[in-house]
Amino acid sequence: MVLSLIRDASLVWVASGIVGVSFGAISVAGGLPVWAPVVMSLVVYAGSAQFSAVGLLLAGSTPFAAAATGLLLNTRLAAYGLAVADVIGRGRTARLLGAHLVTDETVAFALAQPDPERRRAAFWVSGIGLFAVWNVSVPAGALAGRALGDTAAYGLDAAFPAVLAALVLPALRDDARIRRCALLGAGVALVATPAVPAGVPVLLALTGLALYGARQKVAA
Amino acid sequence: MNATVVMILALAVGTYAFRLAGPVLHGRVEVPARVQELLSAGAVVLLVALLATGAFTEGAGFAGWARPAGVLVAVVLAWRRAPFVVVVLGAAGVTAALRALGVQ
Numbered sequence: 076m077v078l079s080l081i082r083d084a085s086l087v088w089v090a091s092g093i094v095g096v097s098f099g100a101i102s103v104a105g106g107l108p109v110w111a112p113v114v115m116s117l118v119v120y121a122g123s124a125q126f127s128a129v130g131l132l133l134a135g136s137t138p139f140a141a142a143a144t145g146l147l148l149n150t151r152l153a154a155y156g157l158a159v160a161d162v163i164g165r166g167r168t169a170r171l172l173g174a175h176l177v178t179d180e181t182v183a184f185a186l187a188q189p190d191p192e193r194r195r196a197a198f199w200v201s202g203i204g205l206f207a208v209w210n211v212s213v214p215a216g217a218l219a220g221r222a223l224g225d226t227a228a229y230g231l232d233a234a235f236p237a238v239l240a241a242l243v244l245p246a247l248r249d250d251a252r253i254r255r256c257a258l259l260g261a262g263v264a265l266v267a268t269p270a271v272p273a274g275v276p277v278l279l280a281l282t283g284l285a286l287y288g289a290r291q292k293v294a295a
Numbered sequence: 726m727n728a729t730v731v732m733i734l735a736l737a738v739g740t741y742a743f744r745l746a747g748p749v750l751h752g753r754v755e756v757p758a759r760v761q762e763l764l765s766a767g768a769v770v771l772l773v774a775l776l777a778t779g780a781f782t783e784g785a786g787f788a789g790w791a792r793p794a795g796v797l798v799a800v801v802l803a804w805r806r807a808p809f810v811v812v813v814l815g816a817a818g819v820t821a822a823l824r825a826l827g828v829q
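Here the protein sequences line up with chains R and Z, keeping their order. Numbered by this note's numbering, the letters in the first sequence go through residues 76 to 295 in order. Numbered by this note's numbering, the letters in the second sequence go through residues 726 to 829 in order.
It should be emphasised that the hints constitute simulated quantities derived from the structure, not laboratory data. Note that the structure is predicted; figures quoted are calculated from it, not measured. Backbone N, C-alpha and C define an ideal beta-carbon position, used for all residues, glycine too. Warning: the hint list may mix true and false statements.
Said to hold, decoys possible - Calculated from the model, a selection of chain R residues having no Cβ within reach of chain Z, i.e. all distances over 12 Å: (1) 190; (2) 192; (3) 230.
Unchecked claim - If you want the footprint, here are the derived chain R segments under chain Z, 3+ residues with CB under 8 Å: (4) 90 to 99; (5) 108 to 121; (6) 180 to 189; (7) 195 to 208; (8) 232 to 241.
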């Protein structure tokens, strides 16, 4: 079981490693000291929030605004934490450590598994690997700086949405109610993107849950 | 402490608090089955919204056609139960190929 999980997770790790390298490189190329992206990746450990906070900081925004935007983006982690609480486990250490490993990828990876035991294994395997990869690749990128070239040419920016597609589509295919909610939510998020601050569109997607219906009787 | 340090610490503490809320509340607060069901659905809704915004947008604007085209290929492959590796590499490959042909 662990081997097949590692095989599937390794692609997520490779993609995240490349994103991590670009995060380190962009931060340092923009003028931050090497320790800043490195420490941030250890203690914040949330790719999209790190990118937006550093982006704002480098664009001359106040540190307060940078932190606030990052936090806004990360509010979704609270919803994830509630959704995977029983997957993480009951022990005190498991909760304290597992909480830090809650990311888009680990939650999607865990929820894509068919049974509770596999869900727990998937969470920890993908989470520990992802944390290791992220915190090796960011320093590597920070040290390599600009030597990297343009990663867009390799189509790597399509990898993260593709990873999510591979992980959530089974749930969408099998459950018409969740599909309705998700499609409405995604539409709302896309329409809202040009108009509201970063992080808000994805939160607005939760309005899609209005289509969830009152009881299970409508399940398709 | 300079401003960057304060920013990183504030972001780290707040982010960890968000993450910890679920695991800490779990087992102490009785979560009705209905709410648990909605939370799972909510997580999927958030992930699909990230998928959509990640495919189509860059900052507050349109990401260009190459990326959504690659992601569309991924969605079709995933829907047809293609292996994980095929889905992800398919998306990156299509996007890279389109860019090589001059489609941004």
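Hints and how they fare:
no.	hint	result
1	190	holds (15 Å)
2	192	holds (17 Å)
3	230	violated (3 Å)
4	90 to 99	violated (count 1)
5	108 to 121	holds (count 7)
6	180 to 189	holds (count 3)
7	195 to 208	violated (count 0)
8	232 to 241	holds (count 10)
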